[in-house]
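Enquirer: Heads up: the sequence lines are chains V and X, in that order. For the first sequence, the residue numbers in my numbering are 45 to 277. For the second sequence, the residue numbers in my numbering are 45 to 277.
By construction, these hints were calculated from the structure, which means they are not laboratory data. For clarity, every value in this text was computed on a predicted model and none was experimentally measured. Be aware that a few hints might be false.
Same chains, same names: a pair is fine if it fits in one copy or spans any two.
[To be verified] Straight line, CA to CA, 25 Å or less: simulated PhoX-like cross-link-like pairs of lysine-lysine:
#1 Lys-89 x Lys-63
#2 Lys-261 x Lys-97
#3 Lys-84 x Lys-96
#4 Lys-150 x Lys-116
Protein chains: 2
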Amino acid sequence: MLKYEHIADELENYIEEHKMQQGDKLPVLQELMSQFSVSKSTVIKALELLEKKGVVFQVRGSGIFVRRHKRKGYISLLSNQGFKKTLEEFQITSKVIVLDVRKPTKEAALNLNVNLDDDVFYVKRVRFIQGQTLCLEESYFNKSIITYLNNEIISESIFNYITEGLGLNIGFADTFLHVDKLNEEEAEYLGLEAGDPKLYVESIFHLTNGQPFDFSKVTYNYVQSQFFVQAIL
Amino acid sequence: MLKYEHIADELENYIEEHKMQQGDKLPVLQELMSQFSVSKSTVIKALELLEKKGVVFQVRGSGIFVRRHKRKGYISLLSNQGFKKTLEEFQITSKVIVLDVRKPTKEAALNLNVNLDDDVFYVKRVRFIQGQTLCLEESYFNKSIITYLNNEIISESIFNYITEGLGLNIGFADTFLHVDKLNEEEAEYLGLEAGDPKLYVESIFHLTNGQPFDFSKVTYNYVQSQFFVQAIL
Numbered sequence: 045m046l047k048y049e050h051i052a053d054e055l056e057n058y059i060e061e062h063k064m065q066q067g068d069k070l071p072v073l074q075e076l077m078s079q080f081s082v083s084k085s086t087v088i089k090a091l092e093l094l095e096k097k098g099v100v101f102q103v104r105g106s107g108i109f110v111r112r113h114k115r116k117g118y119i120s121l122l123s124n125q126g127f128k129k130t131l132e133e134f135q136i137t138s139k140v141i142v143l144d145v146r147k148p149t150k151e152a153a154l155n156l157n158v159n160l161d162d163d164v165f166y167v168k169r170v171r172f173i174q175g176q177t178l179c180l181e182e183s184y185f186n187k188s189i190i191t192y193l194n195n196e197i198i199s200e201s202i203f204n205y206i207t208e209g210l211g212l213n214i215g216f217a218d219t220f221l222h223v224d225k226l227n228e229e230e231a232e233y234l235g236l237e238a239g240d241p242k243l244y245v246e247s248i249f250h251l252t253n254g255q256p257f258d259f260s261k262v263t264y265n266y267v268q269s270q271f272f273v274q275a276i277l
Numbered sequence: 045m046l047k048y049e050h051i052a053d054e055l056e057n058y059i060e061e062h063k064m065q066q067g068d069k070l071p072v073l074q075e076l077m078s079q080f081s082v083s084k085s086t087v088i089k090a091l092e093l094l095e096k097k098g099v100v101f102q103v104r105g106s107g108i109f110v111r112r113h114k115r116k117g118y119i120s121l122l123s124n125q126g127f128k129k130t131l132e133e134f135q136i137t138s139k140v141i142v143l144d145v146r147k148p149t150k151e152a153a154l155n156l157n158v159n160l161d162d163d164v165f166y167v168k169r170v171r172f173i174q175g176q177t178l179c180l181e182e183s184y185f186n187k188s189i190i191t192y193l194n195n196e197i198i199s200e201s202i203f204n205y206i207t208e209g210l211g212l213n214i215g216f217a218d219t220f221l222h223v224d225k226l227n228e229e230e231a232e233y234l235g236l237e238a239g240d241p242k243l244y245v246e247s248i249f250h251l252t253n254g255q256p257f258d259f260s261k262v263t264y265n266y267v268q269s270q271f272f273v274q275a276i277l
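Just chain V, with the same shape it has in the complex (with noise of 0.2 Å):
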């Protein structure tokens, strides 16, 4: 973790700990450099990182303002995959039901920009919110990127394991979504009916340069899922 990202997470917690409101004002750039001992450049960088993270807001010649529309047990579409994070008061669990080497279908060879005959770990789970199913969840993982799973990890946080397990950095997504009904086999994994509603969400992963690395489709329990986006216009 760099520096400025560092000092990006104190500023969430200090905005956490001091229980600060939408429309609150941060302390000037001058008092975070002494309080946090750092440069003007690193303030100014992590103050980008939580305005990009939508956790702030600048308003140009005014001041740094707090971004606090967040509601409690809604998922970000923007962080990755993001369970353990955004709901990390509620307890997650996981289900494998699948977990092998394969060749990649035409789907997801295309959206991982791999070869029909490259290796890919397919990953199938469901995953589940405080005993309740949350989704049923299908993964294809570049192999020579990703190049080792097994039951334990897969069982937890994935992403946890690729960013400190094997050390890559995850840079942004793509993510689709629609809206549907719940086939038969869709509806007895998540406990619903089938034509009961779905929330359907396929989602591209890239590392920071650009290779993506995880081809993911998610089927989510609309009874126990919400979601929220905060978006720079």
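Assemble the complex: chain V is given as a structure, and chain X must be docked to it using the hints.
Expert: Only chain X this time, still in chain V's reference frame:
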């Protein structure tokens, strides 16, 4: 529009015209500076804006690359209601059901940060894509910011009017969504059956100075709508 915003638009056109693909590298800074006859800092600000908008990604020490997993007909969850821009190949029309000045609901007052006896514009309309129902939309506008609306304005893009007509700067939005089943009224407006799936989206739009000006509640026709989000993680 500021100079760097203009350059950002030009760069986006450049990517479009040159049919650049995901991962294609942009010309180096020097070249962009001479091509658009602007300073280094203007190019850098333009590129930062494009990064925020999910158009490019930067790899430290290596260059700037095109991000382009966009799919045709998907609505961006990160643009200002976005239809006109992201669905520009499609014909979007609106049928106004209600336009009046009233007192806000408790929920609207809270989200717009106004008092219960302040005036708001209330707009209810159905939006159509290529003649098919796209969504049912209810919006509350803070009347002290959005001082005037009429039927003609709200039959078109309200956001165009807000930026170009009223000269206001739209800054950021907080959006909350979940999936549910349509009730009788929603189903009738959308031409679907009660009990069919819906995507329900609540947004609070803010000016660049942080003031919320629009609280909107949108129910999408699941058959017609699909969405994308491009996130920096």
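Enquirer: Against this structure, judge whether each hint is valid.
Expert: Taking the hints in turn, this is what the structure says about them:
no., hint, result
1, Lys-89 x Lys-63, "within (23 Å within a copy, 33 Å between copies)"
2, Lys-261 x Lys-97, "both (24 Å within a copy, 23 Å between copies)"
3, Lys-84 x Lys-96, "both (19 Å within a copy, 22 Å between copies)"
4, Lys-150 x Lys-116, "between (38 Å within a copy, 20 Å between copies)"
This entry satisfies every hint, going by the numbered hints stated previously.
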